[in-house]
Structure formats: C-alpha cells, structure tokens
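The listed protein sequences correspond, in order, to chains H and A. Residues in the first sequence are numbered consecutively from 0, following numbering that gives the first Met the number 0. Residues in the second sequence are numbered consecutively from 0, following numbering that gives the first Met the number 0.
For the record, the hints were derived by calculation from the structure and aren't laboratory data. The structure displayed is predicted, hence computed values, not measured ones. For each residue, glycine too, the CB sits at the ideal point set by N, CA and C. A portion of the hints provided could be inaccurate.
Unchecked claim - So, partial list: chain A residues that the calculated Cβ filter (under 7 Å) puts toward chain H: (1) N282; (2) I334; (3) H337; (4) E341; (5) G359; (6) D385.
What the hints assert, rightly or not - If you anchor each label on the Cβ, the simulated ranges turn out as follows: (7) H:N81 to A:S105: 26 to 34 Å; (8) H:D33 to A:E421: 55 to 63 Å; (9) H:D35 to A:F374: 57 to 65 Å; (10) H:N81 to A:D60: 38 to 46 Å; (11) H:D44 to A:T114: 48 to 56 Å; (12) H:A31 to A:M347: 34 to 42 Å; (13) A:P185 to H:N81: 35 to 43 Å; (14) A:D60 to H:T42: 37 to 45 Å; (15) A:K418 to H:D44: 24 to 32 Å; (16) A:S176 to H:D153: 35 to 43 Å; (17) A:K277 to H:D44: 29 to 37 Å; (18) H:N81 to A:D377: 39 to 47 Å.
What the hints assert, rightly or not - Which bits of chain H does chain A cover? Going by a derived footprint, with three or more residues having C-beta under 8 Å, they are: (19) 61-74; (20) 120-129; (21) 147-158.
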Amino acid sequence: MAVRTGAIALSILESQHRMDQLNAAYGEALDAADYDAWIGMFTEDCHYRVVSRENYDQGLPLSIMALEGHGMLRDRVYGITNTLFHSPYYQRHVIGTARILSDDGRTLHATANYAVFRTKPGSVSEVYNVGRYIDRLLHTREGLKLQERICVFDSEMVLNSLIYPV
Amino acid sequence: MNAIPPFEGPEHRWTGEGSSRIPFWAYTDPAIYRRELERFFYGNGHWCYVALEVEIPDPGDFKLSWVGERSVIVVRDRDGSINVVENRCAHRGVRFCRKPKGNARSFVCPYHQWTYKLNGDLAGLPFRHGVKKEDGSVQGGMPADFDLKQHGLARLKVETWNGLVFATFDHTAPPLSEYFGADVVPWLNRIFDGRRLTLLGVNRQRIPGNWKLMMENIKDPYHPGLLHTWFVTFGLWRADQQSRMVMDSHGRHAVMISQRNQGGEAKAVTEGVTSFRKDMTLNDARLLDVVVEPWWQGPTVTMITLFPSVIIQQQVNSLSTRHIVPSGPDSFDFIWTHFGFEDDTEEMTRRRLRQANLFGPAGFVSADDGEVIEFSQDGFRQKGPDGETVCELDGRGVGPADHMVTETLIRGMYGYWRKVMEI
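Using the sequences and the hints, build the whole thing.
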C-alpha cells in the first residue's frame, strides 16, 4: 500500500486523482500559455524532454527539446515569448487517464497518452503532436511535482516547427 | 459555351540578366519542379546524400532513405560495402519495403514473393518454371528467355565519404571528390576526416515551402544575425565577425565559415536590429557551454550546402546532416541526423545534446527558419508567377566573399540552376 512520508496513508485512488488533476492542470496551463504555472509543476532539478518515438525506441538520446532544471525551462519560455519568430497558434491538450506504474509514497511513476491539436489564427484545427508522457514525480508539501516528464511522440513529422512545450 | 483560354502567363521566362532576381514560378510551378527532379535529383551527374554509415553498421543492416521523391534502400552487404537500390519491385512496381530500418538477408516483395539479393539482383521468383502436374505437363511459368539479370532492383551508384553515404541514379556521374570540388572538400574533410561517428538521433519536420528555399537559407549569411536573436546576441553569427563564403566552381555547393565573437552591443551590427537583446543572459549557461575542439582550427561554424540534397552543420559543438526530401513544389521533409565522434567523452556527448536545443524543428534558432520558409512560399503563392525575389546584397555578380554582408551564394546557385534547367 502506498504510504506518504510521515506515515499518512495515501490510497491508490487518491494518487490516481492527484495525477489526473495534475495532468489536467498541466494541459490547461500550456493551452492558456501560462508558462509560470507550467514551470511551477516541475521540481527545481527537473528534466523535460520532447523526443520522437523513433529515437526513444532505439535508445538514441536526441530530443527535439531537452531541458534540465527551472533555469532552462525559463530560457525556453523567454525564447517563446521574446526571441523565437513564429506564426502564433493555439494549443489544445487532450490527456488520457494516467496509469500509475508505481508509488512508494515519495516517488510516483506514471504514464498517460496525450494529443495536442494546433489551431493557427484564421485556420482549421489540426492534429499536431500525439504521444505519451512518461513521468517521474515527487510527493511534496505542495503536492505532486514533475521531476521528469518525457513526451514521446508518435508523429513522424513535426508540422514545420514546435515552439511551445507539449 | 466558350472554353477557358489556356493560361499564358510569364512563367518559364527569366526576364532579367544573371541570377539576382528569382521569379516566383521557380518555386511554385509543377512543371519546373518535375524538371528539377529529373535533372538535379535523378540525373545530370548529381549525387544525393542518403545516410550516415553508422546508421547501418553490420552486414544486412538497412534503412529506407530518399533520393528526390524516390524511396531507396540503403543496405550494408555481406562484404561490408554499401548498396543503394530503389525500393520498387521490378515485377509490378510495388514499393515493397515498409520497415524504416532493420536487418535483412534478402528483400522479398510480399505481393508475388520476388526475392532480391542485398545488391538488388533478382535471386528468384515463385513458379518461374511453371507448376509441374503429376502427368509431367507444366502449367505456366515465365518465358524461356526470361533473364533474372534483367529484372533486378534499380541499382544506384554509391560512394562513401568518411562516414557519409551518397548515391546517384546517374551511373555516369563523376567521382564525389570531383562533384564536391577542390574548394569544398577541405571543409568537408575538416569534419569528416575518417574518425568514426556516433549516431545521436534523428529529427524530422515537414516544411510547407519549396525545397530550394532551404538551400538558400544556408547560403544566406545575411539573415542569421537579423532573424535569430541567439546568433546576434551571443555572437554566434553576426556581421562583425571574421567570415568567408566559399563556393565550388559551378556555384552549386557552398560553405559559410565564421568565427564566433563575444556578442554584446556593437553599433554597426546591433543598432536598430530588433532581434538583438542587449540585456539577455541565459538562466542556464549549459545551453551554450561551448568548448573549443582541436579539429576546428579556428572557425566555430561551418555550414556546408551540397546541392541539391544535404546541408552539413557544424555550429559550435553541434553537428548534424540535414537531408532535403522534396515533395511537390511547395513542400519538403527536412531530416536532421545529429552525430558526434566515437572518441567523444560522455561530457562532450551531453554538450552536443544540450546545444541541439538550438537546432531542429523546435530549435531556439532553426525553428525560425522553417517558419520564414513557409511565409516565403505563402508570399509567392499570393502574388503569382510574375513576382520575383531580389538577391542583390553585395552586387549582382557571383564570387567568393570574405564577409557575410552578401547574397552571392544564392546568386551562385541560381546561375547554376539556370544553366542545368536551360531556362
């Protein structure tokens, strides 16, 4: 049975609920371009990667985005908001129910499928990036925080560019 | 009812002298595009990049690749040599190999099980000699004069270059050294000197623009210090640096060479440049933790365009090949293969991977390029064939330059393009 530090019992259902709530908030933050909220969901020493399934399955280390720690996440946000010249677009995340792989009360491992739709101003919505999150999270006083999120996407072609995190 | 008269626009008429004004139809016309495929990707002595050798290290290893719009199989044969064969069955034209990567002893088309050796020779086919009945009679079979040798997979001429693999459908093409030319070869050999490469991974993006726009982008030293904040702010590429523009004697291949400076404010190159960010610093300096490697011998960046199919990037510690796979006049796939060297320390590999954040479809720098190429194509489409681009920075002629305030390399490419296209 999962146990939180301090020996307070945390039911499996509660973990499931928290994880799904986190994913819902995660999608909401990115879809609203609320990047402060996005960074706040990660631990200070986090790893965030967006990697093709092709590379991931072959054990090749290359990602299309590979950030380590809040500093790099902030640098990416600065890129998005200040330096990357791009056609703006909306994102819409649809994230499936998480599957909790393990939870020892301190560290939680989970996966969830995701689909991100892209809508450019004046245009139709299109399927943009589809894959799964492979997560490692810590239980903290402020709730679950992502220590590692690897976004492994099936989509064999990035539709031109990928500016915002997924 | 009156028939609609055929469109008689100004397409296919290059009105100006030289190659400093490129008509929009060169980017949008399907007939032009078909001729480009025939002459640049499939013929006229041109070689196309297909793979890194390290992607297929062992006998039988294969990967699918592209020469123009044609799917090809790049495979290592039993003797260690590399074959490139067209992925199209000689029987009924089936593009039979569907696995992007794998290991095979032979290739079998699933439709009628025609079986090919790793060099593309037809090894055999079911019922070639018919089906023998119990009474000794034979039903069907191929004609008696059917010759296996005449029905192999289309085989390409192949040459490797210190870890790079090139192929061509034109068996009369000159050797690669001649194709690249004496001005470009030293820059290629600076990176590919025979050291074994390591494969870091592949990224793919589909860019809705004409394939030549990507070649132009890497023959255009004018834009990086303007479009790319990171380049101008951190001194990775800007006009106050020592640089050189090199091209082969035909003007088709080129190298943009430069040496990084400390960046920061410098009136001549940052004043009025809106992408310059005077006070920008990185929260995490590891994104640009540049360590000089001995083989650089000076330059921190060399961008090599090998017409028509590949760009080879060294930008500080990040190395990649960028393969151009055209798909109609208004779209191409851009395949990045990042690599390092076998003697890299773990730390250097990590550094190359961190700096990969600058490049590729999500790159701090390169994402901009895909975007502006899409916007260019949008502009060509809306104007129609009688528009033209202006490439007259540093004059209207073609020649090497010892600075980056020039569009000479683009003019060089279109001078060559006009000659081969007979336009």
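Hint by hint, here is what the structure shows:
1. At a threshold of 7 Å, the smallest CB-CB gap from N282 of chain A to chain H is about 4 Å, leaving the interface hint in force.
2. The closest approach between the C-beta of I334 of chain A and any C-beta of chain H is roughly 9 Å, which is over the 7 Å cut-off, so the hint fails.
3. About 5 Å separates the beta-carbon of H337 of chain A from the nearest beta-carbon of chain H, less than 7 Å, and the hint is met.
4. With a cut of 7 Å, the hint placing E341 of chain A at the interface with chain H is violated, because the nearest CB-to-CB distance is about 15 Å.
5. For G359 of chain A, the interface hint holds, the least distance from its beta-carbon to any beta-carbon of chain H being 5 Å, beneath 7 Å.
6. This hint is violated: D385 of chain A has a C-beta 26 Å from the nearest C-beta of chain H, more than the 7 Å allowed.
7. Between N81 of chain H and S105 of chain A, the C-beta spacing of about 55 Å breaks the proposed range 26 to 34 Å.
8. Look at D33 of chain H against E421 of chain A: about 57 Å separates their beta carbons, and that is inside 55 to 63 Å.
9. Range check, D35 of chain H to F374 of chain A: Cβ separation about 30 Å, and the 57 to 65 Å hint is violated.
10. Look at N81 of chain H against D60 of chain A: about 44 Å separates their beta carbons, and that is inside 38 to 46 Å.
11. Between D44 of chain H and T114 of chain A the beta carbon distance is about 55 Å. The supplied range of 48 to 56 Å therefore holds.
12. Checking the proposed 34 to 42 Å range against A31 of chain H and M347 of chain A shows it holds: the Cβ atoms sit about 39 Å from each other.
13. Judged by the Cβ atoms, the range 35 to 43 Å given for P185 of chain A and N81 of chain H holds: they are separated by roughly 39 Å.
14. The hint said 37 to 45 Å for the Cβ distance between D60 of chain A and T42 of chain H, and at roughly 40 Å that hint holds.
15. For K418 of chain A and D44 of chain H, the hinted distance range of 24 to 32 Å is not satisfied, since their beta carbons lie about 58 Å from each other.
16. Hint check: S176 of chain A to D153 of chain H, Cβ distance near 41 Å, so the stated range 35 to 43 Å holds.
17. Evaluation of the 29 to 37 Å hint for K277 of chain A and D44 of chain H yields a pass: the beta carbon distance comes to about 31 Å.
18. Range check, N81 of chain H to D377 of chain A: Cβ separation about 24 Å, and the 39 to 47 Å hint is violated.
19. Using a Cβ-Cβ cut-off of 8 Å, 13 residues of the segment 61-74 of chain H lie near chain A, which meets the minimum of three, so the contact claim holds.
20. Restraint check on the segment 120-129 of chain H versus chain A: 0 residues with Cβ-Cβ distances below 8 Å, three needed, restraint violated.
21. Under a criterion of three residues with beta carbons nearer than 8 Å to beta carbons of chain A, the stated coverage of the segment 147-158 of chain H is upheld, 4 such residues being counted.
This entry does not satisfy hints 2, 4, 6, 7, 9, 15, 18, 20, going by the numbered hints stated previously.
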